[in-house]
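*Asks:* For reference, the chains in residue letters:
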Amino acid sequence: MRFMVMVKADANSEAGVLPTEDELVAMGRYNEELVKAGVLLAGEGLHPSSRGARVTFAGGQPTVIDGPFTEAKELVAGFWLIDVKSKAEAVEWVKRVPCTDGVEASIEIRQVFEADDFGDAFTDELREREEQLRLTTKKDA
Amino acid sequence: MRFMVIRKADEESEAGVLPSAELLEAMGRYNEELVKAGVLLSGEGLMSSDRGALVTFSGGTVTVTDGPFAEAKELVAGYSILDVGSLDEALEWVRKWPVEDGHGNAEIEILQVHEAEDFGHVSEENRKYVGDVRELADEK
Amino acid sequence: MPTLETHRAIDAVWRIESARLIAGLTRMVHDIGLAEELAQDALVAALEQWPESGVPDNPGAWLMAIAKRRAIDQFRRRETLDRKVTEIGRDLETQEGPSAEPDFDAIDSSISDDLLRLVFISCHPVLSTEARVALTLRLLGGLTTEEIARAFLVPEPTIAQRIVRAKKTLTQKKIPFEVPSAGELGERLTSVLEVVYLVFNEGYSATGGEDWMRPALCEDAMRLGRILAELVPTEPEAHGLIALMEIQASRARARTGPGGEPVLLFDQDRARWDQLLIRRGLAALRRAAKLGKPMGPYVLQASIAACHAIARTPEETDWPRIAALYARLVQLVPSPVIELNRAVALSMAFGPQTGLEIVDGLTGEPSLKNYHLLPSVRGDLLAKLGRDEEARTEFERAAALTRNERERTLLLARAAKL
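Residue numbers (this note's numbering), protein chains in the order written: chain Z, 1 to 141; chain F, 1001 to 1140; chain W, 2001 to 2418.
To be clear, the hints were calculated from the coordinates, so they are not data collected in a lab.
Using N, Cα and C, we set each Cβ at its ideal position, and we do this for glycine too.
Heads up, some of the hints might be wrong.
[Stated by the list, open to error] In silico DSS-like pairs for lysine-lysine, Cα to Cα no more than 30 angstroms straight-line:
(1) Z:K95 <-> F:K1008
(2) W:K2168 <-> W:K2293
(3) F:K1128 <-> Z:K8
(4) W:K2369 <-> W:K2384
(5) F:K1096 <-> Z:K36
(6) Z:K8 <-> F:K1008
(7) F:K1096 <-> F:K1073
(8) F:K1128 <-> F:K1073
[Claimed, not checked] Here are the in silico distance ranges between beta carbons for each label pair:
(9) F:P1068 <-> W:R2069: 53 to 61 angstroms
(10) F:T1061 <-> W:E2210: 38 to 46 angstroms
(11) W:E2316 <-> Z:P62: 47 to 55 angstroms
(12) W:L2153 <-> Z:V103: 47 to 55 angstroms
(13) W:G2257 <-> F:A1037: 41 to 49 angstroms
[As the list claims (entries may be wrong)] From the derived model, a few chain Z residues whose C-beta atoms are all more than 10 angstroms from chain W:
(14) V7
(15) T20
(16) G28
(17) V39
(18) L41
(19) A58
(20) T70
(21) V84
(22) P98
(23) C99
(24) A105
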């Protein structure tokens, strides 16, 4: 199952403050762990919204607004795309993201639509029901 | 240059309303244009936030909160990564976004992706930590 | 009563940590069966304690600490037993347990080394292919016996037995826990790649609508393949394998039609091919090429898949390159099926007569006697050469051989049109 893991922007990232060398190394080592575990599909950092834009479609008509945009917490500063067994596993990986002391961070995890999904919402439900049953009657792994 | 094109969520996407046949077809054709032009590097649709979670790091504590999350317009419903010459070119492509999406009302955000060159200040020995995934953008 | 959420977290931690845990323990206690038992003990402890205490910050270290403690306890008890036995003066030779002293403190071994050793021992040629698959999925994939059984459409006790016997065989034959020597590495690696690709194919051939465990096998295989490529980065075939799997998987969204029917490569909507996976596959191939070693079978197959992946339309396919790649592949793997594929590529590149010359040479092949694609391809080439009578015969023969209803209909339709 694929999950999109998005690091929310904050005042620092929006101000264009690049990570320190130490932070880069810590993040680099974390990325290496994802790669070695075979779960990383993609990962990128994003520039602040001052280098971006928004296109709002209203009644089919586009209007372009240049960045920057005010609400940092609505913006994405970076992301990973990972391939893992479950949302719980995605959470475990995110818990291991290196976070500089004293810095607050918010990381959103969202599930990605896959090949069968548009016809198989039912399959997902079945999968979940099954998992619940299995975990509650767990005897040995 | 690479840009992340983000389709912001709305009430419908958060309600888990699946795209209509018309929308799927329109998005398919749009996608095809992007692929044919060689600008589409990747793209995914995201499920509603009730299937997601939020992990916050604060004062040394990690908190996990399950979705759904309140403000739809703050959320991402889908994204793609484009490889184009400039923000203007990215905008050109986004202007062609299928109008069927969101019944003609949709918000698309464009953010520029970091490249290895942006980290010129990093020491030689740590350069390997910059853009390991960069090589994916090397070949078109 | 443990909460569902904690259980899910424990499951997830197990998925992340179990292979390394078992690998490290195997190196310490010199017995794969015992290592797994100790790991399971640690898991049970986690299930008992974490619902109260929460998941620890370093769950892998926590599990390893528990497992080591259990191992030390066991050996102390065994030492005590041995002493008592000697005191009574009886010569009891224990069949179970390690033959050598357990090694708890060796720090020369890195986690990657242990993991690689575990990969090689799980895929050891002394085990049957089925046993290798089951053991690898269990120890390296972290799948439960039940999950493996469902994925391979086999009863759970069968898999359980298979795994038990496999571990016993490894112990009885005293298979060492080591990375093969340089001389053996190539061959032993082939055995590993074969297991991973087998798992992938099992998942790839499964269709939506079946038990969801089956298509998920592709992801399990790709994960193992990626791990492997990191463990043996100087082996081009490891990169070739993950390249092949990623490029094949890139077609997942285009492979089935609206009615769930399979769509052939050349009829697929290429805009639905996963560009990220294609680029990852191409990147893996570049990594293989950089090593400057001769192309092996997986690199060749991946290169062929890459030719299709980079063609924006079927018309843009580089058929001469594909034909050349097949020519190299058939030299390494002399298979009539590969030769048949080469014939198809040649005909696309240089005209039907070129391909027909090769196909005519395959008609006597005993292994292709009931292979419907042989007459199907021959019929296609004959039709292109205007030899309609012969073509019709071949399509009818192919229709009779195929077990696929839809395919039979298509072949008969082609025959009727001539």
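*Asks:* Does each hint hold? Answer for all of them.
*Replies:* These are the hints, each one checked on the structure:
The straight-line distance between the Cα atoms of K95 (chain Z) and K1008 (chain F) is roughly 25 angstroms, inside the 30 angstroms bound, and the hint therefore holds. About 38 angstroms separates the Cα atoms of K2168 (chain W) and K2293 (chain W), which puts this hinted pair outside 30 angstroms; it is violated. Between K1128 (chain F) and K8 (chain Z) the CA atoms are separated by roughly 25 angstroms; this keeps the pair inside 30 angstroms, and the hint holds. Note on K2369 (chain W) and K2384 (chain W): the hinted pairing holds, with a Cα-Cα distance of about 23 angstroms set against a maximum of 30 angstroms.
About 39 angstroms separates the Cα atoms of K1096 (chain F) and K36 (chain Z), which puts this hinted pair outside 30 angstroms; it is violated. For the given pair, K8 (chain Z) sits about 14 angstroms from K1008 (chain F) by alpha-carbon distance, which is consistent with the 30 angstroms threshold. Of the pairs offered as hints, the one joining K1096 (chain F) and K1073 (chain F) holds, with about 21 angstroms between alpha carbons and a cut-off of 30 angstroms not exceeded. Between K1128 (chain F) and K1073 (chain F) the CA atoms are separated by roughly 37 angstroms; this puts the pair beyond 30 angstroms, and the hint is violated.
Checked against the given bound of 53 to 61 angstroms, the beta carbons of P1068 (chain F) and R2069 (chain W), roughly 43 angstroms apart, lie outside it. For T1061 (chain F) and E2210 (chain W), the hinted distance range of 38 to 46 angstroms is satisfied, since their beta carbons lie about 43 angstroms from each other. Restraint check, E2316 (chain W) to P62 (chain Z): a C-beta distance of roughly 33 angstroms breaks the suggested window 47 to 55 angstroms. As the Cβ distance of L2153 (chain W) to V103 (chain Z) is approximately 50 angstroms, the hint placing it in 47 to 55 angstroms holds.
Distance hint check: the CB atoms of G2257 (chain W) and A1037 (chain F) are about 26 angstroms apart, inconsistent with the given range 41 to 49 angstroms. The Cβ of V7 (chain Z) lies farther than 10 angstroms from every Cβ of chain W, with a closest approach of about 19 angstroms, so its non-interface assignment holds. The Cβ of T20 (chain Z) sits about 23 angstroms from the closest Cβ of chain W, beyond the 10 angstroms cut-off, so the non-interface label holds. At the 10 angstroms boundary, the C-beta of G28 (chain Z) stays outside the reach of chain W, the nearest C-beta of that chain being 15 angstroms off.
Not every beta carbon of chain W lies more than 10 angstroms from that of V39 (chain Z), the smallest distance being close to 7 angstroms; the non-interface claim is violated. Here L41 (chain Z) does not stay apart from chain W, with its beta-carbon only about 6 angstroms from theirs, under the 10 angstroms limit. Every CB of chain W is more than 10 angstroms from the CB of A58 (chain Z) (nearest about 28 angstroms), matching its label as outside the interface. Distance to chain W confirms T70 (chain Z) as a non-interface residue, since its nearest Cβ pair spans about 32 angstroms, more than 10 angstroms.
With a cut of 10 angstroms on Cβ distances, V84 (chain Z) falls inside the contact zone with chain W, its closest approach being about 8 angstroms. Remark: the non-interface label on P98 (chain Z) is consistent with the geometry, its nearest Cβ contact in chain W lying 13 angstroms away (cut-off 10 angstroms). No Cβ of chain W approaches the Cβ of C99 (chain Z) within 10 angstroms, the least distance being about 12 angstroms, so the stated non-interface status holds. In this structure A105 (chain Z) is separated from chain W by more than 10 angstroms, as the shortest Cβ-Cβ distance comes to about 16 angstroms.
The earlier numbered hints that this structure contradicts are 2, 5, 8, 9, 11, 13, 17, 18, 21.
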